[in-house]
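Given the coordinates of chain A, work out where chain U should sit on it, guided by the hints.
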Amino acid sequence: MSERFTVSILPEDKKVPAEKGENLLDVLLKSSVQIDTACGSQGICRKCKVRITGKNGEPETKLACQTEITGDMEVLIPEVDVKSIQVVNDDFLEVDGGLDSEMAVAFDIGTTTLKAEVFTIPEGRTIARISSLNPQRVFGHDVMSRIQAASNPNNAATMTGMIRKSIEGMCKRLLKRTGISYEQISRIVIAGNTVMLHLFFGMDITGMGKYPYTPVSLSATVEDASPFGFDEFIKTEIIGLPAISSYLGGDLVAGILTTGIHEKRETSLLIDIGTNAEIILSYNGSLIATSCAAGPALEGMNIQCGMTAGPGAIEEVEIGHEIRLNIIPGYRQPLGLCGSGIIDLIAELIRVGLIDSKGRMLSSDGHVSQEIQSRVRKYKGTHAFYLTEDILFTQKDVRQVQLAKGAILSGFRALKEYSGMSPEDVRSVYIAGEFGRNLKLDHIKRLGFLDDMPNAEYNFLGNSSIAGAKMIGSNPSLLQKAEKIAGKVAAFPLSSFEGYQRLFVQSLEFPGNPEMGGENAKNQN
Amino acid sequence: MQRTKTEILNDLADAVVTMDENRAVELAKEALQANIDAYEAITTGLSKGMEVVGQKYENGEYFIPELLVCSDAMYAGIDVLKPHIKADSIKTVGRIVIGVVEGDTHDIGKNLVKIMLESSGFEVHDLGRDVPLKRFIDESERLEAQIICMSTLMTTTMVGMERVIDMLRGAGLRKRYKVMVGGGPISQSFADKIGADGYALHAASAVKKAKELLGIS
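Going down the list, the protein sequences come from chains A and U.
Following this note's numbering, the numbering of the first sequence begins with 45 at its first residue and continues without gaps.
Following this note's numbering, the numbering of the second sequence begins with 658 at its first residue and continues without gaps.
Treat the hints with care, since some could be wrong.
Here are the simulated distance ranges between beta carbons [said to hold, decoys possible]:
{"#": "1", "chain 1": "U", "residue 1": "G852", "chain 2": "A", "residue 2": "E112", "range": "23 to 29 Å"}
{"#": "2", "chain 1": "A", "residue 1": "Q545", "chain 2": "U", "residue 2": "K865", "range": "56 to 62 Å"}
{"#": "3", "chain 1": "U", "residue 1": "G827", "chain 2": "A", "residue 2": "Q545", "range": "32 to 38 Å"}
Hints were generated in silico from the structure; no laboratory data involved.
Yeah, the Cβ is synthetic: ideal placement off N, Cα and C, and Gly gets one too.
Only chain U is shown next, with the shape it has when bound in the complex:
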């Protein structure tokens, strides 16, 4: 008996929340057989699940390993669906350049933010860790990104974030980008002080902040 579209989409979300990679793959195949639009299966199925995971992570119920295993389930589902996405159905929410600033090699936090942003439809270009400050700007220009995300775990490298903002100003590019900062020692007041546009405490709230900055609700 054929199941309804809503049932399949709900199950896709559930497979992500329950960390069931195999089930996510099976459900993705089922969605294709049921002629559900591949892109919709991602955005209203898998990504919805990841959103729930983000909430659970934020309140402490899920932790880093759970978040990563859930994202594995999500990506496994996406791999099945991706080849079937119709080019005209893609609506990228926004393009983001992300990296850990120069002098710091701690990147777990940045990776979590990247996962959450990708799962909510952002196109994320990851520059990695210990990223020379100028590269943030060069890559953003080249890729025509809308948001620059910078992360650091160390108080001593925080100053690099301010430099990037100053460099943007110096080059007359400050208005072209929204700048988001995050990481262990970063706070809202630090973000305000250096003139960043946004700060988020958790990977999950980074998504809300990014959408807010681009005027997407």
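This is chain A alone, in the form it adopts within the complex:
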């Protein structure tokens, strides 16, 4: 048995046990300390700064994610930065005295991020927004590792406690910041994937861990808030959205409700891009949905110099005679590439001929200046593109993005084959998800996330999950509609689709560069 120490957390003065060698950030998150992190413990976002006093020493400022437990210690958590509560200034100012109306809070519980908005009802005018990381991430970054962790009932209970506490805490922070009272909050509406909804409502998730992926319940939930640990919210009810299947959750039902594709006569598509990408096709009066394992690359994870979108992240890249970078302000130098920056960079490298349609990085043949060309350098037996001297994008990074986009494109193609729809018939395409907000139509085409749909109009929605939760918050009778939608969608699992491997492999290639002629035609089949 390894050595155990005590970590005293200030200013709360809470004492928690920790094992030698454990990561301090993990220990803090496990004990439900409110602490921000953005880079996935890589030590680059510097948001998890704490003051540590060891046995015999002066207090030092360190990054919790880069600190190992080596003995008893005292950790002072800095006051939560008010800036991390993003108040929508315009809405907030406009309200001007209307703050005493009836309100609701809408949540999107993501595996990685929790987002909430407080808004007036029935108008649905947003007063303030807040986002925070899901503290369950100490049990793993993806849904599967949470399910695995839940095979131990103690972990399951801890995860349920964590998420309830976070949601309650976020509600309180919203109220504190805006001066809205508890009594004004009529309801809290929660959308999220099926696993997150199960955990919030305290249902067993282990059945969803293996084929045939059985959930406990897919129904909508309407309960009083206080028994969930929301002691002060005595007049508030909690509404959980219904889900479609283990892999198609209440977030998606909310998205469908927002776009109205379930009521559309013409063929339409809704694509929610995240670690799991969901595609819903509305065709001939039916709704068919599938979920593709895109992986976290599009969110900047598993990428050598990747990071989540935050201060210091490169979010746009343009290659001309020189390189122009657009960096999210708030840090003195670029720290890494976030999802949209990664996509921009690949799209540009394809355009200038430094990545071919197979995804191979080329050290010659580029249609670019010598200076740009010279940024492709040998790196670990293959190549990397040096965006700056410190930020590089490697051949393996390109492969990660190909896996992500291959998963989405093959999901689209499987749905297409299965339903018999033709891309020419599609009239509207809705792209949802935080990542989708920054995605440009040009990227979708250049990287080949989807096949060409010449008659479609593209709409970029951002977080459609929270938008749907808001609709229900404003008008709870829509919950019945949501249940109808959930019941109507036919889940189509890709793994059971004959010939999926072939589709996936064919979908890994980039469509080639239209400016360069030949390549394009060759790869269209």
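Relative to chain A, chain U alone:
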């Protein structure tokens, strides 16, 4: 003018690396005409090419589609040569049972490993995906395999690998087989924890590991 044996064998390897299926077929025919032993044409020609492909895949230069197209070229060449293999020249490196464990249906990774193992001379019996745990043992016993390879992409089904090892122990068969595990969430430390004999990060390194386990260099 007749070309030398070395030239033909090198070209066979090259046809695989350059993904040229037609050329692999033509060269296989040329090898037969030049009285090159069919088995040798596979092991020191086509398979050598696939080995290079494996290296390129490992360092990121080639990707899944390239690996599959290269293997198509290899198999096309093998199809030409196979009927001419003399029974006594076959030296199977080892016999392997492979599959994706129960509860998981993701099999692309397993298929890549299978290709690489076959190309280096292993006899591979593929049980497919969502394989009931006991079948790994039953089939290995029936086929007298030396290695059991298990794959999974999901963290939730990893536990099945440990069960197979426990079942082997329970039946007193643990020493009879080498157990290899792989797949997205699998790591060396997980392999150590469950008492597996080997783990490989890539399809290409799985071959090295399998040979190492059987004491073949």
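Against the structure, the hints come out as follows:
1. G852(U) / E112(A): 23 to 29 Å: holds (28 Å)
2. Q545(A) / K865(U): 56 to 62 Å: violated (25 Å)
3. G827(U) / Q545(A): 32 to 38 Å: holds (35 Å)
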